[in-house]
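The residues making up each chain are set out below.
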Amino acid sequence: MSENNIKMNGNGTHKSAGTPKIGFYVCHCGHNIASQVDVEDVQKFAAGLPGVTISRDYKYMCSDPGQELIQKDIKELGLNRIVVASCSPLLHEHTFRKAAEKAGLNPYFFHMVNIRENVSWVHDNRESATKKAKDLTRAAIQRVFFHKPLEKKSVPINPDVLIVGGGIAGITAALTIANAGKHVYLVEREPTIGGHMAMFDKTFPTLDCAACILTPKMSSVKAHPNITLWTYSEVEKVEGFVGNYKVQVKRKPRYVIEELCVGCMECIDACIYKEAKYPDEFNQKLSKRKPIYIPFPQATPQVVLFDPETCIDFKSHRCKKTCIESCDRKAIDLKQVPEYKDINVGTVILSTGFKTYNAELSPQYGYGKYPNVYTSLEIERLVNASGPTSGEIVTRDGIKPKSVGIIHCVGSRDQKAHKWCSKVCCMYSLKLAHLIKEHTDAEVYNFYIDMRTPGKGYEEFYDKLMTEGVHFVRGRVAEVSDWALVPEEENKLTIRVEDTMVGMVRRIPVDMVVLAVGLEPREDAGDMRRLFNISCSNEGWFLERHPKLAPVNTFTDGIFIAGACQGPKDIPDSVAQAGAAAAEVLSLISAGSIELEPNTAFITEDNCSGCKSCIPICPYTAISYNEGTKKAYINEALCKGCGTCVAACPSGSITQNLFDDEEIFSEIDGLLKFAGIELEETEAEHA
Amino acid sequence: MPEKNIKSNYEPKIVAFFCNWCTYTAADLAGVSRLKYAPNVRVIRIMCSGRVDPQFILQAFASGADGVLIGGCHPGDCHYAEGNYKMLRRFRLLKRMLKDLGIADERLRLEWISASEGEKVKLVINEMVEQVKALGPLAIPQHLKNINEELKHFPGEEIREEEMAHA
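Sequence order for the protein chains is A and B.
Heads up, the first sequence is in my numbering, so the first residue is 1 and it goes up one at a time.
Heads up, the second sequence is in my numbering, so the first residue is 1001 and it goes up one at a time.
Derived from the structure by calculation, the hints contain no laboratory data.
Note that beta-carbon positions come from the ideal geometry of N, C-alpha and C, so glycine has one too.
Hints are supplied without guarantee of correctness; some may be wrong.
Derived DEER-like restraints, expressed as beta-carbon distance ranges [as the list claims (entries may be wrong)]:
| id | chain 1 | residue 1 | chain 2 | residue 2 | range |
| --- | --- | --- | --- | --- | --- |
| 1 | B | Gln-1131 | A | Lys-341 | 51 to 59 Å |
| 2 | B | Ala-1134 | A | Glu-498 | 34 to 42 Å |
| 3 | B | Glu-1149 | A | Ser-35 | 44 to 52 Å |
| 4 | B | Pro-1054 | A | Asn-344 | 35 to 43 Å |
| 5 | A | Glu-101 | B | Ala-1134 | 45 to 53 Å |
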């Protein structure tokens, strides 16, 4: 049947679009392709195929002269089909379509053959690689016979922007876009924005106070007329496509009316619990909070919230509710329910950040077993002036440590945990070493594998630490234990390590151990990825469209990523990436509209039997049934061009532009053999 | 259909349908990572594995493919929400039919390969090529030719041709 299809429709195509005059171009890509594929052989092979008017090979087809070559041939030889065999269409399809368009040819008369990523880079037998390249070439040449001129669909871009995650990356992007006069919805899961940066005391390498540089930005976000800040909220649903996303945001109940609360915190004082008795998450559970609390003094927005897990009234309904009495603004509403907000945005930036490695998974370091083994994030809070000890570094017994060991690469560069380098740990360990030394004058040991300090002023910071009397021991720590071998080790934690500089095993007793935990993707990164229809790398970081050339883009148009959700990153890098994402968003908004691929499907009414098979298959409800005509219709605006309905239609009456049945059948045949398309016109011309 | 003629230097031809968003991107990643795999697979890019019409698969076999590989996004990860599930349904049905036609199970394979799984592209292709190589050529075009030859000697042939002429 398919064979018949090709012949039948094939003749039709030739009549409507004129005699195919195909220009074939094969790219050497320097040596990238030419080293594994006999490019000249492919060029000669293509020259002999029916319909091919001109066949050429060129060093770099994507270069300006390469593109001009195509344009010149289109004009001089009257080519009406173009096939380029080079790299992946995901990389340069756009380039060549543009080139064809500039020469006056409809860009969809172009087809690309991937002989780099699919051939030369993955095969090492030149003969079979060349053969494969020829097969792919023949398939493409047979395919373009059936190409049709198509018009791009242009859709307007809604200028409103959604940013998910209010850490430093989200904050920066939000302010940049809002300052450009566009409206931003900033959605943050936690009760306050600020992210991890808000927990830090100082930032490396300049040692400027994190709060001093972050809190003004947090306040500007809150005060900005173009920013709608929704904290304690999560994205529930995402629908639509670039320019027109429909998003539902769930605002979790704080049991406090955000608009009325001024953050006076009198309710916290009035709470029936006189003493705080629940672990404070913001302080890494090193201190206690009440059931009604504010995460930290500069929390933005400055609004208290209830923890229903611990509040007596939620548990037993038998609280005196002194908090409600104390609030003269009547801001407390214990009957609050989740609120769902539906918004329309054109673009989205995901800046959902990271989480730190769970040090209990590396039991040799004793975290969770010995109370004086801390994670670096706990030390950040201890050293912070607004932290649980007001900046005093003391062990859990309340003693100032005389010696501290900082163990690098906990959960990073470890075959048993994560293979990657978390990039920031060396630098923050140096910073913590400096701060611990400054606060306690203790002996500080850094146990490292390699010291990695690339960055402006970073190596200099390391040099500075060396002059401050901090000890550096090169070697991965084998074990932390409280087992004393000699009197000096009594009541201490002993770090056993091979010092690879001196080539011996050392035992170093310390009062406090700091684990420089690595960065890892959030547990729910997978859910987020599905929600926004983007990809993750194997490790779970959000996948960028191109690691070098499109680092903030994703494979889904209109969705961008910034900050450590894409991979371990320090603050300067996160801020820079946020700026890049904001620029991408603004360039889309500024263009006003975006052209979409015309690969949508349509129904040939005469052939439709009205069986309705296609209707439940469409995930976008783009197909409807007309009771009057007894035919199905596809709403082009809703169709996203997956082609699932096309494959399901029993009467073959649905066509997908660019992925037509006849196009694919001819490609299949072309891959496998010479299909022998009847082509009198071309044969006559050759004769 | 009998499967025979296993030659030692026999190189199977496999047609693959890779979805644009996951498996095709993974194949690109395999390329960028310079992973080496068997050169027997010829990839056709489609937007979604849901576009794979069972007829494409049958056509590939009929045109001389020794195997067909379909690559889509993992369940739940489809760029178009659920095209891969639709593919899975058809795949299951088609598998039964192919079995009845005598086409071995290993000749048609469906794999979920996400954009980051370049390594999996390599493993799947190498494994499938080995399996199909062991099975030997399917050579349906030759079989079809043989059948046509046989039909020529079939007594009712003249009548059939007459019928065809009238149709």
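Okay, the hints, checked on the actual structure:
1. B:Gln-1131 to A:Lys-341: 51 to 59 Å: Roughly 53 Å apart at Cβ, these two residues keep to the hinted range, so it holds.
2. B:Ala-1134 to A:Glu-498: 34 to 42 Å: With Cβ atoms ~49 Å apart, the hint is violated.
3. B:Glu-1149 to A:Ser-35: 44 to 52 Å: Holds - the Cβ-Cβ distance for Glu-1149 of chain B and Ser-35 of chain A, about 45 Å, lies within 44 to 52 Å.
4. B:Pro-1054 to A:Asn-344: 35 to 43 Å: Given about 39 Å between the Cβ atoms, the range holds.
5. A:Glu-101 to B:Ala-1134: 45 to 53 Å: holds, 48 Å
When each numbered hint is compared with the structure, a violation occurs for hint 2 only.
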